[in-house]
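Asker: Given only the sequences and the hints, what does the whole structure look like? Please build it.
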Amino acid sequence: EDQVTQSPEALRLQEGESSSLNCSYTVSGLRGLFWYRQDPGKGPEFLFTLYSAGEEKEKERLKATLTKKESFLHITAPKPEDSATYLCAVQARGSGNTGKLIFGQGTTLQVKP
Amino acid sequence: KAGVTQTPRYLIKTRGQQVTLSCSPISGHRSVSWYQQTPGQGLQFLFEYFSETQRNKGNFPGRFSGRQFSNSRSEMNVSTLELGDSALYLCASSLQVATEAFFGQGTRLTVV
Chain R
490 EDQVTQSPEA LRLQEGESSS LNCSYTVSGL RGLFWYRQDP GKGPEFLFTL
540 YSAGEEKEKE RLKATLTKKE SFLHITAPKP EDSATYLCAV QARGSGNTGK
590 LIFGQGTTLQ VKP
Chain Z
585 KAGVTQTPRY LIKTRGQQVT LSCSPISGHR SVSWYQQTPG QGLQFLFEYF
635 SETQRNKGNF PGRFSGRQFS NSRSEMNVST LELGDSALYL CASSLQVATE
685 AFFGQGTRLT VV
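Keeping their order, the protein sequence lines are chains R and Z.
Residue 490 is where the first sequence starts when you use the working numbering, and the numbers rise one by one after that.
Residue 585 is where the second sequence starts when you use the working numbering, and the numbers rise one by one after that.
If you're looking for bench data, these hints aren't it; they were derived computationally from the structure.
Quantities reported herein were computed from a predicted structural model and do not represent experimental measurements.
Here a beta-carbon is modelled for each residue, glycine too, at the ideal position from N, C-alpha and C.
One should not assume that every hint holds.
EDC-like cross-link-like pairs, simulated, lysine to aspartate or glutamate; straight-line CA separation at most 20 Å [claimed, not checked]:
| no. | chain 1 | residue 1 | chain 2 | residue 2 |
| --- | --- | --- | --- | --- |
| 1 | R | Lys552 | R | Asp491 |
| 2 | R | Lys546 | R | Glu534 |
| 3 | R | Lys546 | Z | Glu684 |
| 4 | R | Lys552 | Z | Glu684 |
| 5 | R | Lys531 | Z | Glu636 |
Just the calculated beta-carbon pair ranges, DEER-fashion [what the hints assert, rightly or not]:
| no. | chain 1 | residue 1 | chain 2 | residue 2 | range |
| --- | --- | --- | --- | --- | --- |
| 6 | R | Ala566 | Z | Phe644 | 40 to 50 Å |
| 7 | R | Arg550 | Z | Gly587 | 22 to 32 Å |
| 8 | R | Pro569 | Z | Arg657 | 29 to 39 Å |
| 9 | R | Ser517 | Z | Gly612 | 23 to 33 Å |
| 10 | Z | Arg651 | R | Ala542 | 30 to 40 Å |
| 11 | R | Thr565 | Z | Ser649 | 44 to 54 Å |
Answerer: Okay, structure coming up:
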C-alpha cells in the first residue's frame, strides 16, 4: 500500500536555528513528490516538486532533496514567518494516469524569535 | 492570475441534510481534484476530474459525489450528512493530470 510518513510531528526552533524535516515514502513507482506549506485555516500552498533521486530545489530559506526512499526539507536560518505545517505528498505510477496525491500527516513548525 | 476559488468558505448544516460545494480552478487548468482534511485523518483524496470525466475516486461512501462542467468548474455534493463529515474540503487544480496541484482556501463544513 502506498504510504507517506513525516517526522517529526512537531518541531520548535529558535530564529536562525537550521533544521530538516523528513518525509519517508513507500509507493508502487514514484511519479513525483510534492512539498506544501499550510497556514492555519488556509489551503496548502505549493512549494516544490521533485521527480527523481538526487534532485534538489531551493526557494529562499527552503531546500528540498529527494532519495529513493525519502525526501528532506531543509530550513536554513528560519524566521518566525516560516512557522506553518509542512506537508509532503506523493503521486504514484501505480495509480494510473491520475494526479491523486497521497499525503503525510505533516510537520508543524514553530519558529520563536 | 486568480487562484483556485472555493465557495462558500464556511457552512453549517444539520445531520441528514445535503450540501453542494463549488470550485473554480485556475484559468486554463483542466484537472480538478477534491480532498477532505480532518485533524485525525489528515488530507484524504476524494475524486479527480479531467475534461468532465471522473478519472479517479478515493475510498469514500457513495454519499460523496462530484462533477465537472465544460468550463472546468467543479462541484462536489454530500448527501445525508453525518457528524463525521465535518471537515475542511479542499479543491485543487492542475494544468493537466499529474502535474503540480494548486489548492484553494477550502470550505469549512460543520455538521451539527
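Asker: Which numbered hints are broken by the structure, listed smallest first?
Answerer: 1 and 5
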